[in-house]
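The whole structure should be built from the sequences, with the hints applied where relevant.
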Amino acid sequence: MEKLMVLWESTSIPHFEPGQLIMMAVGLILLYLAIVKKFEPLLLLPIGFGALLTNIPLAGFSEVGGLLYFLYKAGIAETPLFPLLIFMGVGAMTDFGALIANPRMLLLGAAAQFGIFATLFGAILLNGLPGFNFTLQDASAIAIIGGADGPTAIFLASKLAPELLGAIAVAAYSYMALVPIIQPPIMKALTTPEERKIEMKQLRVVSKREKIIFPIAVIILTMLFLPAATPLVGMFCFGNLLKESGVVDRLSDTVQNSLINTVTIFLGLAVGSKLSSEAFLTVETLGILALGAVAFSIGTAAGVIMAKVLNRFSTENINPLIGAAGVSAVPMAARVVNKVGLEANPHNFLLMHAMGPNVAGVLGSAVAAGILLALVG
Amino acid sequence: MEKLMVLWESTSIPHFEPGQLIMMAVGLILLYLAIVKKFEPLLLLPIGFGALLTNIPLAGFSEVGGLLYFLYKAGIAETPLFPLLIFMGVGAMTDFGALIANPRMLLLGAAAQFGIFATLFGAILLNGLPGFNFTLQDASAIAIIGGADGPTAIFLASKLAPELLGAIAVAAYSYMALVPIIQPPIMKALTTPEERKIEMKQLRVVSKREKIIFPIAVIILTMLFLPAATPLVGMFCFGNLLKESGVVDRLSDTVQNSLINTVTIFLGLAVGSKLSSEAFLTVETLGILALGAVAFSIGTAAGVIMAKVLNRFSTENINPLIGAAGVSAVPMAARVVNKVGLEANPHNFLLMHAMGPNVAGVLGSAVAAGILLALVG
Amino acid sequence: MEKLMVLWESTSIPHFEPGQLIMMAVGLILLYLAIVKKFEPLLLLPIGFGALLTNIPLAGFSEVGGLLYFLYKAGIAETPLFPLLIFMGVGAMTDFGALIANPRMLLLGAAAQFGIFATLFGAILLNGLPGFNFTLQDASAIAIIGGADGPTAIFLASKLAPELLGAIAVAAYSYMALVPIIQPPIMKALTTPEERKIEMKQLRVVSKREKIIFPIAVIILTMLFLPAATPLVGMFCFGNLLKESGVVDRLSDTVQNSLINTVTIFLGLAVGSKLSSEAFLTVETLGILALGAVAFSIGTAAGVIMAKVLNRFSTENINPLIGAAGVSAVPMAARVVNKVGLEANPHNFLLMHAMGPNVAGVLGSAVAAGILLALVG
Amino acid sequence: MAEQLTEAALLLGVGMAVVFAFLVLLIGGIQVIAAYVRAFPGESAEQNNTTNTPASPSTTELRPDLVAAISAAVHAHRHTNK
Amino acid sequence: MAEQLTEAALLLGVGMAVVFAFLVLLIGGIQVIAAYVRAFPGESAEQNNTTNTPASPSTTELRPDLVAAISAAVHAHRHTNK
Amino acid sequence: MAEQLTEAALLLGVGMAVVFAFLVLLIGGIQVIAAYVRAFPGESAEQNNTTNTPASPSTTELRPDLVAAISAAVHAHRHTNK
Ligand code: NA
Ligand code: NA
Ligand code: NA
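Protein chains in written order, with numbering that gives the first Met the number 0: chain A, 0 to 376; chain B, 0 to 376; chain C, 0 to 376; chain D, 0 to 81; chain E, 0 to 81; chain F, 0 to 81.
Note that these hints are calculated values from the structure, not bench results. Mixed in with the good hints, there may be bad ones.
With a straight-line Cα cutoff of 30 Å, these simulated DSBU-like cross-link-like pairs (lysine-lysine) come out [to be verified]:
| hint | chain 1 | residue 1 | chain 2 | residue 2 |
| --- | --- | --- | --- | --- |
| 1 | B | K207 | A | K37 |
| 2 | A | K158 | B | K72 |
| 3 | C | K210 | B | K37 |
| 4 | C | K207 | B | K36 |
| 5 | C | K72 | B | K72 |
Below, the structure is given as structure tokens:
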């Protein structure tokens, strides 16, 4: 009978706290979004499963010796190994051709970062409400959700506000998945049908050498002027150079496949382990979710408005829709631009033109993360 | 001349102890079994080579700073990273379709675990002989050999009896390779030719959604009732969900290939490093080998008998041979069932029917490991 | 305004030291050599990029918590994990067939190691010049450059002279890339046109079993007589056995592809992190570069002379050119032999014959590293 | 040892009981899942359609290089038959 | 909170200024690269040739197995037409 | 430095001697292996057979899609020749 008592005590049931049950439900919702709704499944499926595992009483996944504890410590806390390796992989999958062909697109990528800095201001304003007490560090980590870039958000949150990391990562990936729902109304509200119909000149061909020199130039400029941004920008450019150099195809291939896949799984599980009830079930999480939506919306609007300004002062036509791609969320935002463009003008294929601001937005938010790290870190 | 003395002293020859020579012979035998006899070569080849390396005087593979020391510490001792990642990979290679189509097969997977618990009793009985002094922890770690599942055995041994880990892992993989020799006589002794001829109804088609929900249901039930089993069952279900969800095929692909292959090499070398003469050349190792054979045999017999009972009380015919697949050893045990079935009835293909108890056996032994961990850990 | 000052202080510009700018130029030169000149790009591209990253003020790549610091510590300093895993991968890509068919080629691989030991003597001689103060450990680590084998050089340097590791690795890979320029003049100076025209008998077919037993025999002899060489030789033979055994093709495939590629990137970045200005911008680095060239040249000459001696005392013809392949630098040195041979005799294909001394040179320098480790380590 | 044996016997009983209890529970779980899937089949069909579309080249359509081969073959044949 | 708000406003201004400054700098960088590549195109062409040669099977050449298929097809056809 | 030079000279001598001794030993090892394999060739042949069977598609057999292409080509050709 004593063994049976031990056994009963060793089930979870007498140990569950209500918060853990709610968090397991959150994990299941993330799995549902990932599998059925296909919301960024590469990350949200592992995060959701990690959330399930970490909230089991007695299983010890997130205690010393546990698998998730180890992954979080080795890959995020001690060194931001996982987000940087993912960024390297994303760099190796990115083609900067469209941006090199039309470098002014960088201005759109810059404008869209207004979403980040405006949200930072908004997060401090939220402190006026009861229950919110964000430090400037917290506010910066939350605001980076507006960068629409998962590894950047995880990297910055791990440095500035580790206790908010779980909520920030979930918000970042969820809103990236919601780009097709969030962006179109804003894009349509800020443009006239005529503007949306504007066709753009075909991009010039970019030579192999330009593509090779580009990542080297980016890292050198970053090193000189924004060293705090070099971990992110450096690994991104390294991955891109592996791809574009053409001399290490076998390395580039591994970086784009087995390495990024392995790290994605580990990163997702590790992030999931931060979805404990104490950390997640707070009013601050609601604030983070709200601020994330605000950040995305402001970034989209700022990109579109910047594109309208550019169009006015440019000799060549610029369709203002492509400004929305400046938030990054590669390549989904560019596809949304293309879709909204086609609705206005069935002969207007904006995809390639939107790739320029799209990859510019990746650089822009990595730069913004570097600035925040330098100023409030 | 002094340099020559230093040189002579730096050869292994004046430092060899007899035990190390014997262990190197053991390593060579494992390589022979792996390469020539094709006994579970994926694990036994690295284990055999690790055994060679760890027994070299002065080479320091298993001392601080040595490669095998590092692999064992990082991947098994501090966190059971390697066995859990392998389990994830196995999960991603497992198709639960046959089990979902015929869930009663879980009873066969349950029955076969009798091999584990009976052997636990037998290990304590062995303490009556001189030279044996197994604790309840040791006995549990040995008994899990009867689960016919390598990563489960390594996981449990690393928690309950690390000093026996080498012998237990070698025994587990050796007996898994011997399944085609150990099982058929037992299967034939316990069944009549008529029983072995029984044909079974074709399995129903299992929908994609059932396959997706299944691993989630398994992990939730495990979390509620057997949290101690969640590391194994959780990573297994996670791997299976990566595969079945259909939305993260690139992750599933990496988990089934480069990740599991890399970890298999590391795990094998790390396990081999535990084959030192002090740990392995003991009378206890003989006991472990004997108990392992007993465990396999009892498990096989229990599975077959359970299948006979089921056949009696079932409206649909059940060929008792498929009970033998309940010990797991996927997919070898199922193939053995198919082969013995064909001998009795050349038109009787039992392979798909045996896959049900086969994968049920994997869950069964992971559950048994959880119970042992909860009760004696 | 204060924020602007913080911002200016947070750029690299007020913090740069001249040495860091020079080292960044060194990094760019390495990238140029790798990408445009295709000098061993698999290693020199990551090393060059690592050199860029590590010399950025304030970025902290090589400080506690930094990515490169972590990679160096985990993969080289605490355990020589990265060089050993690369050696395992190289082993899995090596075919010993040509050597087994003509085992006397091992004598050429032995002779070429004279480059290592003569350079060791030369390094101590250099101490006569002002500014040089090499210990015997330093001299040994430098001399191993003559082994023309990157992982071996990194392995030995990490043990004997970690502060010289960056310069030694860069020298080793640079000279390996320069083999087609360094070797031909030496080869031609030491041979007559008639000697270069010598055709060799076709090699016998080597059976699968010989190829399987060979790595096992090598590791056993190494274990007995040179345990200090077992980390390198052991992992090399393990990789080779994975390949030749034919029973673990999926492991061999991963070792030759995603695993070695991943580790190559990590190793390159980690080595690059040792290219700091304090460590690299010394007169000793110039000495290392000079000694490396000497080592390669002496090794080449010794191999050719040994081949001439063998040719005199052998019943079968031996083309002395193949002795040059004994320095290893697989497979470049063998290709150079083939090319120089074709210049003298357009019908003379020496590639297969040169593969024997070529792979013998890998074993030879690993053995030499073991001797140095045993005697001065 | 007697005490250990009692412990082991207890573990044998409790262990097998829990293994059976747990796997029987799982049988129930599978049946509930099957019932649920049978009750709401519509979404399933839709989902099956989307998830069953593989990225791999379809085997029923001829691939472009094969089409090129065919036309080349036909073309070559015509010339030889002239 | 007033102090925090001032800080946040300052960050908003400085941050956007630096982001724009940096990316404008990058526009200049890209134009310099493009000018450089236009000024020294010779090496580029040569390099393009070497780096553009992929290891993958060329799509314009018929692969050996396709050629075998074609000849088999033509051959088979002749026999049937006789 | 004189002492270091003596040490280095000694290392040079001992090192080369050991390298040669070890690799000569290896020559002997290879010859023993070759003799062993020659003495017991039967098992070798059997093993060669099993390990030499590759999993890769055989190049002598026409693959199904090629066969489909051929028949399509022949079929198309017949229609055009009518
Ligand atoms: Na962005
Ligand atoms: Na089992
Ligand atoms: Na060498």
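Status of the hints after comparison with the structure:
1. K207/B - K37/A: 16 Å, holds
2. K158/A - K72/B: 28 Å, holds
3. K210/C - K37/B: 17 Å, holds
4. K207/C - K36/B: 16 Å, holds
5. K72/C - K72/B: 16 Å, holds
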